[in-house]
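**Q** Combine the two chains into a complex, taking the hints into account.
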Amino acid sequence: MVGIVGYGVYIPVYRIKTEMIANMWGRDINSVKSGLLIDEKSVPSADEDTVTMGVEASLNALRMAKINPEQIGAVYSGSESPAYAVKPNMGIISNAIGMSRNHTGADVEFACKAGTAAIQMGMGLVKSGMVKYALAVGADTAEYDVENVGDHSTGAGSGAYILGNSKEEIIADIEDTVSYTSDVPDFWRRPRMRYPTHAERFTGEPAYFSHTIEASKMIMKKHGISPKDIDHVVFHTPNGKFAVKAAKALGFSNDQLKSGFVVNKIGNTYSAATLIGLASVLDVAEPGQRIMATSFGSGAGSDSFLIRVTEKIKGRVRLAKTVKEYIERKEYIDYATYCKFTERIE
Amino acid sequence: MNVSNVVMGWRRIRKGNFLLGSKCRKCSKLHFPAARLCKKCGSRELEDYRFKGTGKIYAYSEVRTASSGFEKHVPYTVAIIELDDGPKMTAQIVESGKVHVGMKVESCLRKYYVDGDSGIIHYWIKFRPVG
Ligand SMILES: [Zn+2]
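Protein chains in written order, with my numbering: chain A, 31 to 376; chain B, 35 to 165.
Chain B on its own, in the form it takes in the complex (with noise of 0.2 angstroms):
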């Protein structure tokens, strides 16, 4: 992923900054990301539906060792969350040290990537322990 390109973060605001994917009209399957064609039933008629922010981890990994960009944040945990919506994303968790298989988490908007200093300040979902 290119964090740097303004146009392609630009796009991902609908998708990044406020969960927004689609739900089928016909069979009521939610998508995350937001999809154009039903994974469940192929019809084509989906609307925007604003995921509420809250599920679990399902798995997840310690980062020790962090691309260019993220040296601040080491570590970190990234994890696969299964909404409770229905749908699967990945995420950083941020405000814990301990994570296991099953906790409950809430989104949160926080800075994702600050591209120098006089770029874009790509701001991003992650997920906290509730509560």
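In isolation and in its complexed conformation, chain A is listed as follows (with noise of 0.2 angstroms):
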């Protein structure tokens, strides 16, 4: 058995509106917002990244699992914005939130989907009983060329779920994970660039679409189960619209779907987007509800969840922030003040 003992999330108290985005670019402010189903983004603060974020959310976890750090025998964390391109941020953030210095770990990069890749090798070390807990974090500060229409969707958010094997302790038991991966040039950063291109033509069907419904119907499939038989259901969320068509692919509801759907509040949190869907789902989730959570990653994969919440999430949630609560902390900025913020004014 493997699960989750505690999760945790941040999310910046910066929020930029989308009609300031489109106003400065002279945009249509009701086609990007029909288009994206995105209201407003958070943005980090001068002084923040993926590191802080890290620090943030795992220091949640932990406060929800109330374990002690020293016992964590592994940290994954995934990004596709790290604070070096050589020294990792997994280091930074044990080291701050006190675990002690036995243990193993490494950053990891896939595009939106590094975060949920981070939880299958956390649960991979947990399940062979190589580790007693395991830390895996997703912390996005990702951005586009501020001209760039992809700017509109940038989010910056952060996730952490410990993993453990006991019985008594899991929350939330992850019985099985399923990726489906292949090689798409949807999305791409060269190294010493500072921003990413993206190939319209490959970002839709062959990427996104493709990636999130084979990963989907594979762990249905498996199991034997139908979207009748789950009760939320978490999509990456490249932007509001293509999670809410994947969901009607796969013939999800909008009920099953609201729960983890926090893009339209937040934007694109990248590698920490679907963490923070499902921490927002797991918030608000009764012992015994059904769970699919399904990642992708450009490049191209998905990784698929199947969860059941047990009775141990009771009384757990109102120990850490929930995601609600910093949804709604929030603390508008002007235009130039998210340049300033987010070091477009050298």
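If you are wondering where the hints come from, they were derived from the structure by calculation, not from laboratory data.
This one's a predicted model, so the numbers in the text were calculated from it and none came from an experiment.
Even for Gly, the Cβ is constructed at its ideal location relative to N, Cα and C.
One should not assume that every hint holds.
What the simulated footprint calls covered on chain B by chain A, stretch by stretch (three residues with Cβ under 8 angstroms from a Cβ of chain A suffice, anywhere in the stretch; the number is not a length) [claimed, not checked]: (1) 68-81; (2) 118-124.
When the alpha-carbon atoms are kept at most 25 angstroms apart in a straight line, the in silico DSS-like pairs for lysine-lysine are as follows [to be verified]: (3) A:354 to B:138; (4) A:271 to A:63; (5) A:360 to B:106; (6) A:351 to B:106; (7) B:145 to A:360; (8) B:86 to A:96; (9) B:86 to A:351; (10) A:351 to B:132; (11) A:370 to A:344; (12) A:370 to B:145; (13) A:258 to A:271; (14) B:138 to A:96; (15) B:132 to A:360; (16) A:360 to B:90; (17) B:132 to A:47; (18) B:57 to A:96; (19) A:117 to B:49; (20) B:57 to A:351; (21) A:275 to A:354.
**A** Now the structure itself:
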């Protein structure tokens, strides 16, 4: 058995409204909003990065798990915007949250699915008995060039999951995970380049939809279940519209999607997106409920998880700030401040 | 303080990244930063103590003319924080336009100083309003 013994998220306090960006670049506000289903996005402060956000989410996960951080034997940190190109985020995070030095780990990158890849790596070590607990972190402060329409969706945030194998501690049992991976040039960033490039024609059908749908179908088929057997569903959210479309294509209702749908209020948080969506579901889920969460990372791949909430979740959610509390804790900034905070002004 | 010094930065990590101070084994007095000699009873028997990171503002000042490297944060508030565990420390206050004496704050790790494009990123504890 392997499952979640604690989870936490972090979303920076600053927000910029979609119309602020649309006005700046002379775009039609309504068509941008209806095309992306994003009203506003989170913006990191000038002194925040994927390390500081990873620490915040990990501390929240520790508060919920109520374990001694010295018992965590592995940390995997997923990001496409790590603090350093060489020097792992995970070592700074593990040190800052009070772990002992007796642990392994690494940083991982797979566009927007590095966070779920980190969870899978942690699951393997916990399940095999190599470590007692593993910490998986997904954090991003992703960005596009300011004039690129992609800059409407890039948000900032983090999620952290502590995995364990004791039935007494697991608040959500990870029943299974499957992945679907292929070579698709839909989005990339070469070394030394600050901003990514995406291939319009590949972003939708052969990339996001094909991988998200196939991975989801694979896990449902393997367990002989269909959407009616699942209470909540979470998909990666490059924008809102893609997730809504994927849910519909697989036969899920808006009711099943809504608890984990937060992209409209924070934007696409990349490696953290599926982790924050899942946390948002766990924040409100009842014991016994079943969740399917499917991530997507450009390049491309999807990890799908089948999760069953246990009785142990009772009383745990309130031990750390919830996704809803982070979403409601906000301060709007103007476009100039946005540029200052995200270092677009040299 | 030479912020670009890598060795000095590394030595400060325990103190600045997670508020590690010391506690006297004889009289229980807490010290921040860590002390080798107890300021109360003079004992040399001190152990590591990790501060909880919560406290209240004891005094503060608003900085409008920043030194090099801190321009983006202007205006910002620097305060003396009275930690709930006892000792006082100086730190920057984030996420707050209005600060007052007695305001409850909690610690958070933030970037403190980034040494150009190729140097070390220094992280340090800052404080924000609770809630
Ligand atoms: Zn003493």
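**Q** The structure should be examined with respect to each hint, and the outcome stated for every one.
**A** Hints versus structure:
A stretch counts as covered by a chain when three or more of its residues have a beta carbon under 8 angstroms from one of that chain; for the segment 68-81 of chain B and chain A the count is 0, and the coverage is violated. As drawn, the segment 118-124 of chain B meets chain A at 0 residues by the rule of a beta-carbon pair under 8 angstroms; below three, the given contact is violated. Of the supplied pair hints, the one linking residue 354 of chain A and residue 138 of chain B holds, its CA atoms being roughly 22 angstroms apart against a limit of 25 angstroms. A distance of roughly 10 angstroms separates the Cα atoms of residue 271 of chain A and residue 63 of chain A; the hinted pair therefore holds under the 25 angstroms criterion.
Restraint check for residue 360 of chain A and residue 106 of chain B: the C-alpha separation of about 20 angstroms stays at or below 25 angstroms, so the hint holds. About 28 angstroms separates the Cα atoms of residue 351 of chain A and residue 106 of chain B, which puts this hinted pair outside 25 angstroms; it is violated. Of the pairs offered as hints, the one joining residue 145 of chain B and residue 360 of chain A holds, with about 20 angstroms between alpha carbons and a cut-off of 25 angstroms not exceeded. With a C-alpha separation of about 15 angstroms, the suggested pairing of residue 86 of chain B with residue 96 of chain A holds against the 25 angstroms cut-off.
In summary, the hint linking residue 86 of chain B to residue 351 of chain A is supported, as the alpha carbons are separated by about 17 angstroms, within the 25 angstroms threshold. Between residue 351 of chain A and residue 132 of chain B the alpha-carbon distance is near 23 angstroms, which keeps this suggested pair within the 25 angstroms criterion. Distance check on the hinted pair: residue 370 of chain A and residue 344 of chain A sit about 42 angstroms apart at the alpha-carbon level, beyond 25 angstroms; violated. Our distance criterion of 25 angstroms between C-alpha atoms is met by residue 370 of chain A and residue 145 of chain B, whose separation comes to about 15 angstroms.
The straight-line distance between the Cα atoms of residue 258 of chain A and residue 271 of chain A is roughly 22 angstroms, inside the 25 angstroms bound, and the hint therefore holds. In summary, the hint linking residue 138 of chain B to residue 96 of chain A is supported, as the alpha carbons are separated by about 24 angstroms, within the 25 angstroms threshold. Annotation: proposed proximity of residue 132 of chain B to residue 360 of chain A holds, straight-line Cα distance about 15 angstroms (limit 25 angstroms). Proximity of residue 360 of chain A to residue 90 of chain B is assessed by CA-CA distance (about 22 angstroms); at most 25 angstroms being required, the pair is judged to hold.
For the given pair, residue 132 of chain B sits about 23 angstroms from residue 47 of chain A by alpha-carbon distance, which is consistent with the 25 angstroms threshold. Simply put, residue 57 of chain B and residue 96 of chain A have alpha-carbon atoms about 24 angstroms apart, close enough for the 25 angstroms limit, and the pair holds. Pair hint residue 117 of chain A plus residue 49 of chain B holds up; C-alpha atoms about 21 angstroms apart against a cutoff of 25 angstroms. In summary, the hint linking residue 57 of chain B to residue 351 of chain A is not supported, as the alpha carbons are separated by about 30 angstroms, beyond the 25 angstroms threshold.
This hinted pair checks out: residue 275 of chain A and residue 354 of chain A have alpha carbons roughly 24 angstroms apart, not beyond 25 angstroms.
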